[in-house]
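Since chain A is already given, all that's left is putting chain B on it; use the hints.
Number of protein chains: 2
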Amino acid sequence: MKKDWIAIDWGTSNFRAFLMNENLCTDSISAPCGLMQVRDRQFAAALQPLIQPWLDRCTSLPVLMAGMVGSQQGWREVPYVTLPVGYQQLAQHVVAVPTPWGSPCQIVPGAIGNNASGLPDVMRGEEVQLVGLAALYPQREHHVILPGTHSKHAVLHHGKIRCFSTFMTGEIYAVMLSHSLLGRDLPQATEENTAFALGVKNAQHAPCLSNALFSARTLRLNDTLAPDQIASYLSGLLIGAELRELPQNEAWIVGSPELTERYTRAGHLLDITLYAADGNDCFTRGMSLIYQSLDGEIV
Amino acid sequence: MKKDWIAIDWGTSNFRAFLMNENLCTDSISAPCGLMQVRDRQFAAALQPLIQPWLDRCTSLPVLMAGMVGSQQGWREVPYVTLPVGYQQLAQHVVAVPTPWGSPCQIVPGAIGNNASGLPDVMRGEEVQLVGLAALYPQREHHVILPGTHSKHAVLHHGKIRCFSTFMTGEIYAVMLSHSLLGRDLPQATEENTAFALGVKNAQHAPCLSNALFSARTLRLNDTLAPDQIASYLSGLLIGAELRELPQNEAWIVGSPELTERYTRAGHLLDITLYAADGNDCFTRGMSLIYQSLDGEIV
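Chains as they are written, first to last, in this note's numbering: chain A, 1 to 299; chain B, 1 to 299.
Next comes chain A alone, as it looks inside the complex (with noise of 0.2 Å):
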């Protein structure tokens, strides 16, 4: 077990972990541990169970996180990496913490640079994928998209983040739904494409999203919508404000295939190819890449 190792992707509401081999994959875990179930910040007591059928088998099995944990809310606040940022610079700024049972433990930091608008921006654990998208596919320039909660707009530059930008998509949408006038008495939402597309096509008129929105409410007065499209609708609307904002036709998209084929549906309205890859692939490789780069011996 000498070059087993476990990448860890911790986020508010998600958990994924990967038993390594090198460079490769050889078990995962997926469960709904985010770090808003963990109780009294005792984050070590909550990773434990998860992994404990891996370090079963080895009880100091190293382990490198990346995500939400090394946010202010996290496990430890980890400062972010100013942009250019390549995995070089991830795996030099990579911050120890303690566990109990012994492991060797890191956490990857987030980065931090001016958005498109020259407002700051920050992301934590999109980097990794951004880096190893860029090693699985090699190219000088990669437009990349990060959907989400907080989706993620960005540009690297042989192989290093040059300028990424934050848009809401995810939230706002769930936040609009569950506490505006636009769900209002929605039964349960139904993925629906003609909705969908209706809305992607209608954010690209609209001037702005605090206007395009209020579209939710009025296609429904009308008929045009039924309530049981009014998700799929504001789905389509905030994802085409989204891509309106491409500066060029193409793009990668990584994340979840959900997601990735949402987002691939809206670009094809729109004249944009999306060339997916899978969220998770780009993460191990990301995080195998920091991985190696460490200084020092983790294990």
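Note that these hints are calculated values from the structure, not bench results.
Treat the numbers as computed from the prediction; the structure is a model and nothing was measured.
One-sided and incomplete, this derived list gives chain A residues near chain B with beta-carbon spacing under 8 Å:
1) L119
2) D121
3) I172
4) S180
5) L238
6) E242
If you want the footprint, here are the derived chain A segments under chain B, 3+ residues with CB under 8 Å:
7) 106-118
8) 156-167
9) 204-215
10) 218-232
Positions of the beta carbon are idealized from the N, C-alpha and C atoms, including for glycine.
Structure of chain B alone, referenced to chain A:
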């Protein structure tokens, strides 16, 4: 009391009533008794105690109501009138509702039309203020902002509403502050002009609101903003995004002194001149025009 009547603006959250003598307002009531507070759709029973002091002097005072009271969730659904809309069209389409105490009571319709992006848009209540503004300050053309939960930007031509667009400024502000990451662990908000001005300015650079909003997080993370400044910054961002869509650098603004002052302050930063008109004055003037144009005797 023959020339006396009551004008009411009954919205989702607020209730305002004006005792009118012909065109003049002689008394007024404001109460936090919006339609949401009415139990079991008992609108007449909710209304009577609010205006009882006036009914004591004359039981059968005519009542003319506008606002969300005419919506699906209100007392009686009054179909929208299609643009262009002046006070004559509003008067022609009022709908009567019975009152147990014997007042003749009618509800003014809202307005519907396609907005600047070709999407359907609706208003209830603001149409009265708009026709009132046109009568108080006659011009060939008015560009008007009516700030609020669902802020409206309208264009009047010879006193008739020609088109309008809704911006969900107030609702996005409230929902994001209460339910998203942006509002997490905030102290009581204080009105703070520096943060507000920064929000207004930053909204001009950001390509998309879902991107701009995230700066309320990052500017807190990098200590540009203190937690008690976030609410003001968010308000500035949303109002700035709205004002960015004005097609010219001057407009009327109709609303409460607090909101018109805030928009005027934002406009000043963007070299946009906003002419403030009092929302209640515009409302009572609009209602008077409609009341005097009603077919037949309402009394």
